[in-house]
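Student: Put chain B on the given structure of chain A with help from the hints.
Each chain, written out:
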Amino acid sequence: MAEKLDNKKVFLNPLAKDNPVVVQVLGICSVLAVTAKLEPAIVMGLSVIAVLAFSNVIISLMRNTIPTNIRIIVQLVVVAGLVVIVNQLLKAYAYDVAKQLSVFIGLIITNCILMGRLEAFAMGNKPWPSFLDGIGNGAGYAIILIIVGFFRELLGSGTLLGYQVVPQSFYDAGYVNNGLMILPPMALIVVACIIWVQRALNPDLQEK
Amino acid sequence: MENFNIFIRSIFVDNMIFAYFLGMCSFLAVSKNVKTAFGLGIAVTFMLVITLPINYLLQTYVLQAGALAWLDPELASVDLSFLSLIMFIAVIASMTQLVEMAVEKYSPSLYASLGIFLPLIAVNCAILGGSLFMQQRDFPSVWTAICAGGGWGIGWLLAITAVAAIRERLATYSNIPAPLRGIGITFIVTALMGIAFMSFLGIKL
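Protein sequence lines, in the order shown, are assigned to chains A and B. Here the first sequence stands for residues 1 to 208, where the numbers follow the numbering used here. Here the second sequence stands for residues 1001 to 1205, where the numbers follow the numbering used here.
With the rest of the complex left out, here is chain A (with noise of 0.2 Å):
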């Protein structure tokens, strides 16, 4: 029971009051680069998800034989691996949003979030707690991730996924898209923003 309820914790966590993006200030550049729309976002988000729990499996099954001096070129060359492979699925199948997310693919590799978490939890932990850990922080970077694309797309483009969601008489109204929310300085702000809200929420986590 002591082990389920830990578990639940493990997976819980990471989503809000552990959250790695606004909490724990982790992987913020693709944060900002790839939230100009919802899609890219959410393939982003869904990327991370799925190479931050399999090479959490992967090293917490290694744990035991990684010499210490040498582990972080052992996780470094894990997850490249790993995201070489989600990059070649994304041009296979997706090849329009492989495109936009251009390098920012690549850089999952130095996403201080997986280097993070490999480092803090995979390297100490049995594969299925890791396993549910690497879901856990992949989920609370990917909500993260939507929540900043959601209002950019929203607001900047006054589209969702690509379709017109803002009414064409709203513009016949004199109603005009907000062109800098668009543009990268915005995201931080947005991000920001959600940061306030959470840490109002939350006053422990306040510094100071």
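Derived from the structure by calculation, the hints contain no laboratory data. Bear in mind that the values here come from a model prediction, so they are computed numbers and not experimental data. Treat the hints loosely; a few may be bogus.
Here are the computed distance ranges between Cβ atoms for each label pair [said to hold, decoys possible]:
| # | chain 1 | residue 1 | chain 2 | residue 2 | range |
| --- | --- | --- | --- | --- | --- |
| 1 | A | Pro203 | B | Ser1081 | 45 to 53 Å |
| 2 | A | Ile66 | B | Leu1075 | 28 to 36 Å |
| 3 | A | Ile85 | B | Gln1136 | 17 to 25 Å |
Cβ coordinates follow ideal geometry from the N, Cα and C atoms, glycine included.
Tutor: Chain B in isolation, oriented as in the chain A frame:
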């Protein structure tokens, strides 16, 4: 002249932090005071200048489609570019290790000031990002790669030093709403500086 333009472009127009948001993790973690921020900036610049030309040579003579033709004409049909991610990250990780050892041996004082940052750099997205942009943009020569690497590094150095200076002042002189303190306000500061840097976009070089 061409290379000099690319150098300037890489510093201001294609600034790693304000235009692409690469290397944000260490940027946010280390920008609390100017001195350490400057140290990390120097280390990043150094690594970019070293790894970019190496990866460029790898890309041109090993990985590109048909790049192996110089070995044997029969190999002209081989395309190894799917291996580039692994190769690039391996070069970066091993160069970091090498540079760390060399610096430790020959300049202990530099090691003392840079030491803690060097291992961090292997996972800094700005370094891998530089190599991936290099691959995407088909640089004409290895000099271009060096210039772009230097430019990106200096741009990163500028950005982290500037934001660290602002954060130092913010911590003492301002009254920020409690939930925004620390990370939240840093995001907003970076965003505003990013918008300011966008004014360089109009420059044609």
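Student: Please check whether Ile66/A and Leu1075/B have a Cβ separation lying inside 28 to 36 Å.
Tutor: The hint (28 to 36 Å, Cβ to Cβ) holds, given that Ile66/A and Leu1075/B are roughly 35 Å apart.
Student: Please check whether Ile85/A and Gln1136/B have a Cβ separation lying inside 17 to 25 Å.
Tutor: 20 Å, holds
Student: Taking the Cβ atom of Pro203/A and the Cβ atom of Ser1081/B, is their distance within the range 45 to 53 Å?
Tutor: 50 Å, holds
Violated hints for the displayed structure: none, as all numbered hints are satisfied.
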